[in-house]
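2 protein chains.
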Amino acid sequence: MDTPITTMPVIDFWFEFGSNYSYLSVMRIEQDAARAGVRVRWQPFLLGPIFQALGWNTSPFVLQRAKGDYVWLDMERQCRKYGLPWKKPGNFPRSAILPLRVAVLAAEQSWMAEYCRRIMQMNFAHDRDIDNREVVTAVLNDMGLPAAEIIAQALSDENKLKLRKQTELAMHKGIFGAPTFFVGEQMFWGNDRLDDALRFCNDLLIHPDA
Amino acid sequence: MDTPITTMPVIDFWFEFGSNYSYLSVMRIEQDAARAGVRVRWQPFLLGPIFQALGWNTSPFVLQRAKGDYVWLDMERQCRKYGLPWKKPGNFPRSAILPLRVAVLAAEQSWMAEYCRRIMQMNFAHDRDIDNREVVTAVLNDMGLPAAEIIAQALSDENKLKLRKQTELAMHKGIFGAPTFFVGEQMFWGNDRLDDALRFCNDLLIHPDA
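Line by line, the protein sequences are chains W and P. Anchor point for the first sequence: position 134 equals 134 in the numbering used here, and the numbering is continuous, going up by one each time. Anchor point for the second sequence: position 169 equals 169 in the numbering used here, and the numbering is continuous, going up by one each time.
Quick caveat, the hints were computed from the structure, so don't treat them as lab data. Some clues are possibly wrong.
Which chain P residues stay away from chain W? Per the calculated CB distances, all over 12 Å, these [what the hints assert, rightly or not]:
id: 1; residue: Gln31
id: 2; residue: Arg39
id: 3; residue: Arg41
id: 4; residue: Asn57
id: 5; residue: Ala66
id: 6; residue: Ala107
id: 7; residue: Trp111
id: 8; residue: Glu134
id: 9; residue: Ala138
id: 10; residue: Glu158
id: 11; residue: Met187
id: 12; residue: Asn202
For lysine-lysine, the following DSSO-like pairs were computed, each having C-alpha atoms within a straight-line distance of at most 30 Å [as the list claims (entries may be wrong)]:
id: 13; chain 1: W; residue 1: Lys67; chain 2: P; residue 2: Lys162
id: 14; chain 1: P; residue 1: Lys162; chain 2: W; residue 2: Lys173
id: 15; chain 1: W; residue 1: Lys81; chain 2: P; residue 2: Lys81
id: 16; chain 1: W; residue 1: Lys160; chain 2: W; residue 2: Lys173
id: 17; chain 1: P; residue 1: Lys88; chain 2: P; residue 2: Lys67
id: 18; chain 1: P; residue 1: Lys67; chain 2: W; residue 2: Lys81
id: 19; chain 1: W; residue 1: Lys173; chain 2: P; residue 2: Lys81
id: 20; chain 1: W; residue 1: Lys173; chain 2: P; residue 2: Lys67
id: 21; chain 1: P; residue 1: Lys173; chain 2: P; residue 2: Lys162
id: 22; chain 1: P; residue 1: Lys88; chain 2: W; residue 2: Lys165
id: 23; chain 1: W; residue 1: Lys88; chain 2: W; residue 2: Lys67
id: 24; chain 1: P; residue 1: Lys81; chain 2: P; residue 2: Lys67
id: 25; chain 1: W; residue 1: Lys87; chain 2: P; residue 2: Lys88
id: 26; chain 1: W; residue 1: Lys88; chain 2: P; residue 2: Lys173
id: 27; chain 1: P; residue 1: Lys173; chain 2: W; residue 2: Lys67
id: 28; chain 1: W; residue 1: Lys173; chain 2: W; residue 2: Lys162
Here are a few chain W residues that face chain P, going by a calculated C-beta distance under 7 Å [claimed, not checked]:
id: 29; residue: Ala66
id: 30; residue: Tyr70
id: 31; residue: Lys173
id: 32; residue: Gly174
id: 33; residue: Phe176
id: 34; residue: Glu185
id: 35; residue: Met187
id: 36; residue: Trp189
Cβ coordinates follow ideal geometry from the N, Cα and C atoms, glycine included.
Put together the whole structure using the sequences plus the hints.
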């Protein structure tokens, strides 16, 4: 690793803990980005207000039955492909405000990636309610972190506002689903575009004016 | 090629000439399927009635502006990735009833794949109106085929009914967008799943009871 950190290309990773396709990306992005020599900037946001602005009161996977039925088969196959555990959530889409508030607080911390993977597995491998103080406490404790202190900070007005601002910024950037990746101003939507986005990072490094 | 044709796995390829992501699959499926040792069964259908059943009067890429804006950037990048020509259609989604009627007639003909690629390129590389007798005639003539005779057959009541039946079958199978692939009863939605679907064909061949 001779490359100084300042020249590493960056990928912005917009995700939601309630989003099943975000699960796939959360589980693999650190490893795939490291292999590509790209730094991940974690951008948690709330998908609910984005769907509401489209006139939807829930996930399109619930509103469109045929697509919803398909998505669970697809998830089963995708998880097999990536070698990830999978259990169809008994409740979908799950609200994830508390774990997202913690994520906003932790975005720059060294434990962010591991925290996100653990919360995602609670939702999509263990079928647990994640918008729940007990579950978030257990995840943080298992990581050896001061859960009570972190949750208190996550529930501060300042931090709550930070999550709202993230969501407004997502809407402003034209984000309409999750996961979404940005490399500079280039948007890539969906776990299926993560590889393209990482390749694009390196094209930029080689041809910075492209 | 020692494998007798009867044991070749089959992929059903449901597509629409008006659908931009179908364009990507139409252009590459024969080559990719041949490489995987899989036979393609072409299944043209009308996407309009499927969208209407969802309460939509046009493509979701028109109804959802942010998604629509994204899709054209994505198409540009995807076409570059696959080495395909691309010009954003001046009219989207284009009606494609006449070329689809010809496709239904031609589904089992040796010239089907080439015909479909040429119609798709009219729409997505040359920005031409494709629901048009002149354009369809030109495509067929350029392929050395008797255009007037084929179009007359395509416009027979029997053949018109065939396209309606295809569309009903698509709806019955739970198809909600295009392209969609079936390997046996397993559905795969979107050009992004073509590789998975072809791999699945071969898994079935190795483990027929899986």
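For each hint, the structure was consulted:
Separation of Gln31 (chain P) from chain W is adequate, the least Cβ-Cβ distance of about 20 Å exceeding the 12 Å criterion. Distance check on Arg39 (chain P): its Cβ is at least 22 Å (rounded) from any Cβ of chain W, clearing the 12 Å threshold; non-interface status holds. For Arg41 (chain P), the non-interface assignment is confirmed: its Cβ lies about 20 Å from the closest Cβ of chain W, beyond the 12 Å cut-off. With a least beta-carbon separation of about 15 Å from chain W, Asn57 (chain P) lies farther than 12 Å from that chain, consistent with its non-interface assignment.
Not every beta carbon of chain W lies more than 12 Å from that of Ala66 (chain P), the smallest distance being close to 4 Å; the non-interface claim is violated. With a least CB separation of 24 Å from chain W, Ala107 (chain P) remains clear of the 12 Å interface cut-off, as annotated. Interface exclusion of Trp111 (chain P) from chain W stands, the closest Cβ pair being 32 Å apart, more than 12 Å. Even its closest Cβ contact with chain W, about 36 Å, leaves Glu134 (chain P) beyond 12 Å, as expected for a residue assigned away from the interface.
The non-interface label for Ala138 (chain P) is consistent with chain W: the shortest C-beta to C-beta separation is roughly 35 Å, beyond 12 Å. Listed as outside the interface, Glu158 (chain P) is consistent with that label: its C-beta sits roughly 29 Å from the nearest C-beta of chain W, beyond the 12 Å cut-off. The Cβ of Met187 (chain P) sits about 6 Å from the closest Cβ of chain W, inside the 12 Å cut-off, so the non-interface label is violated. Residue placement check: Asn202 (chain P) keeps its beta carbon more than 12 Å from all beta carbons of chain W (closest about 14 Å).
At roughly 25 Å between alpha-carbon atoms, Lys67 (chain W) and Lys162 (chain P) fall within 30 Å of each other, so this suggested pair holds. Of the supplied pair hints, the one linking Lys162 (chain P) and Lys173 (chain W) is violated, its CA atoms being roughly 45 Å apart against a limit of 30 Å. Of the supplied pair hints, the one linking Lys81 (chain W) and Lys81 (chain P) holds, its CA atoms being roughly 22 Å apart against a limit of 30 Å. Of the pairs offered as hints, the one joining Lys160 (chain W) and Lys173 (chain W) holds, with about 20 Å between alpha carbons and a cut-off of 30 Å not exceeded.
As the CA atoms of Lys88 (chain P) and Lys67 (chain P) are separated by approximately 15 Å, the hinted pair is consistent with the 30 Å bound. The straight-line distance between the Cα atoms of Lys67 (chain P) and Lys81 (chain W) is roughly 27 Å, inside the 30 Å bound, and the hint therefore holds. For a cut-off of 30 Å, the pair hint linking Lys173 (chain W) to Lys81 (chain P) stands: about 24 Å separates their Cα positions. Restraint check for Lys173 (chain W) and Lys67 (chain P): satisfied, since their Cα atoms lie roughly 12 Å apart, inside the 30 Å limit.
Note on Lys173 (chain P) and Lys162 (chain P): the hinted pairing holds, with a Cα-Cα distance of about 16 Å set against a maximum of 30 Å. Distance hint between Lys88 (chain P) and Lys165 (chain W) is unfulfilled; the C-alpha atoms sit about 34 Å from each other, more than 30 Å. Of the supplied pair hints, the one linking Lys88 (chain W) and Lys67 (chain W) holds, its CA atoms being roughly 15 Å apart against a limit of 30 Å. Pair hint Lys81 (chain P) plus Lys67 (chain P) holds up; C-alpha atoms about 20 Å apart against a cutoff of 30 Å.
For the suggested pair Lys87 (chain W) and Lys88 (chain P), the alpha carbons sit about 40 Å apart, so the restraint of at most 30 Å is broken. Distance restraint check for Lys88 (chain W) and Lys173 (chain P): the Cα-Cα separation of roughly 22 Å lies within the 30 Å cut-off, and the hinted pair is therefore satisfied. With a C-alpha separation of about 12 Å, the suggested pair Lys173 (chain P) and Lys67 (chain W) falls inside the 30 Å cut-off, and the hint holds. For a cut-off of 30 Å, the pair hint linking Lys173 (chain W) to Lys162 (chain W) stands: about 16 Å separates their Cα positions.
Proximity of Ala66 (chain W) to chain P holds as hinted, the smallest CB-CB distance being about 4 Å (cut-off 7 Å). Among the interface hints, the one on Tyr70 (chain W) holds; its C-beta lies about 6 Å from the nearest C-beta in chain P, closer than the 7 Å criterion. The beta carbon of Lys173 (chain W) is not positioned within 7 Å of any beta carbon in chain P (closest approach about 9 Å), and the interface hint is therefore violated. For Gly174 (chain W), the interface hint holds, the least distance from its beta-carbon to any beta-carbon of chain P being 5 Å, beneath 7 Å.
Nearest Cβ of chain P to the Cβ of Phe176 (chain W): about 4 Å, under the 7 Å cut. The hint holds. Given hint, Glu185 (chain W) at the interface with chain P, is violated; its Cβ is 10 Å from that chain's nearest Cβ, farther than 7 Å. A hinted interface residue such as Met187 (chain W) counts as satisfied when its beta carbon comes closer than 7 Å to some beta carbon of chain P; here the least separation is about 6 Å, so the hint holds. A hinted interface residue such as Trp189 (chain W) counts as satisfied when its beta carbon comes closer than 7 Å to some beta carbon of chain P; here the least separation is about 6 Å, so the hint holds.
Checked against the numbered hints given earlier, this structure breaks hints 5, 11, 14, 22, 25, 31 and 34; the rest are met.
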